[in-house]
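Novice: The opening residue of the sequence shown carries number 1 in this note's numbering; numbering runs sequentially from there.
Check before you lean on any hint, since a few could be wrong.
[Claimed, not checked] Here are the simulated lysine-lysine pairs, DSS-like style, with alpha carbons at most 30 Å apart:
#, residue 1, residue 2
1, Lys42, Lys85
2, Lys68, Lys118
3, Lys118, Lys144
4, Lys272, Lys309
5, Lys267, Lys236
6, Lys103, Lys142
7, Lys362, Lys209
8, Lys142, Lys186
9, Lys417, Lys217
10, Lys388, Lys246
11, Lys392, Lys209
12, Lys27, Lys67
13, Lys217, Lys103
14, Lys244, Lys309
15, Lys295, Lys309
16, Lys87, Lys76
17, Lys404, Lys208
18, Lys190, Lys76
19, Lys190, Lys111
[Claimed, not checked] With beta-carbon atoms standing in for the labels, derived distance ranges:
#, residue 1, residue 2, range
20, Pro171, His94, 21 to 29 Å
21, Ser44, Gln138, 29 to 37 Å
22, Gln110, Ile283, 32 to 40 Å
23, Ile49, Ala195, 38 to 46 Å
24, His304, Gln169, 32 to 40 Å
25, Ala16, Asn181, 21 to 29 Å
26, Gly216, Lys236, 46 to 54 Å
27, Lys51, Pro74, 13 to 21 Å
28, Lys144, Gln188, 23 to 31 Å
No wet-lab data here; the hints were simulated from the structure. Just so it is clear, CB atoms sit at the ideal spot from N, CA and C, and this is done for glycine as well.
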Amino acid sequence: MDKQRKIIVSHPTGNANSRSAVNGLYKKGILDSFHTCIACFKHSFLYYISKGPLKEFKRREFSLFLKKYTYTYPHKELCRLLAQKLKQTQWITHETGIFCIDKIYHNIDQKVSQYLEKKQASIDAIYTYEDCALASFQSAKKFKKLCLYDLPIGYWRAMHQLLTEEQHQNPQWATTLGGLNDSPSKLQRKDEELALADKIYVASTFTKKTLSMYPGKLSEIEVIPYGFPPINTNRKYTPFENRKIKVLFVGGLSQRKGISYFFESIKGLEDKLDVTVVGKGNIENCPILKESLSKIKYIPSLPHHEVLKLMSTQDLFIFPSLFEGFGLVITEAMSQGTPVITTDRTCGPDIITHGENGWIVKAGDSTPIRTLLEQFIQQPNTLILAGKAALKTADSRPWSCYEKELSQSIYSFINEKLS
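Construct the entire structure; sequences and hints are all you get.
Specialist: Written as structure tokens, this is what we have:
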């Protein structure tokens, strides 16, 4: 019989995928502890005060059964959130601000490293994420513990290559690109984390492909796609007679998300399409973006539940991203019964069957999106059929599937390596 293994999990902000990861490991019986900055549990003081300006705390809600396993390090993160509210941008400046996100990640990395040093006798492995793994992994290696690494977005060298090419091809949109301002020391840290990993987990085949640009040998890489949110069981499809096709984009208004290709694909079809864009971006410094937004319905931001509600009223979601580790908005739209056009540089190829429950196009080209839109204008009921298929796909893979697959993979890996 296998020895009962124990694993540490850490993530500074506790997003949907890390929440599912820790839930799965708890249910598998191998969770030693979970480390994060802020954790909110039902019936706690933090839960009850999570209203109005403090509603951010409810976004950090975790399953109640994790409470006794959870260690929190809130001080720096609270200061970061306060700095955002007070618009004290100098405190949260990328990499240099005293409460910037990089400092938050490094702080929790150090805390977990210290915890592992104290508890190492009862620990078998650590599972953590990009940018908050180096100190933890170095301690783990010292005590011969396994290092499991989660890379939520594509590898940085691939990003730099693809986005630099895009910079030259579309200079008018270059100010919105982002993703190219990390310091050499931060990039070196990413490489050091990867080098220490005994196994690497990614959520899309595209992310795995980007790691081929790593200048060295890496450990095994496994692809486990994320789950879908709960489906909209009340989705209604409105006949297309005497109305336009409703088209939606949700995301950061950056060229990394392929925003120029979205606008190029809909140009000249305004009399056939009812277009909505939701998201924030560097609008004032990008005249062409500002002009493009003036021609459609633009919403700077919406609460998450309102985004889902909006998605459920649309006929088509377009997400032409140039570089995406996964693209949760894709699964969100599909969960609402709205089919998606997305690119081969997202999770699309892992969860979409082209022409059935959505469509996959080549990244960096508006022509295939435009061609599809023209087809839908001629045969709009195609969108209803694909929407129903998308809903079925979402129903077949809830987040619990990701929990089970990831926890089983980790369980098997640890036992194989330590038996």
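Novice: Which earlier hints can't be squared with this structure?
Specialist: Hints that this structure does not satisfy do not exist here, as all of them hold.
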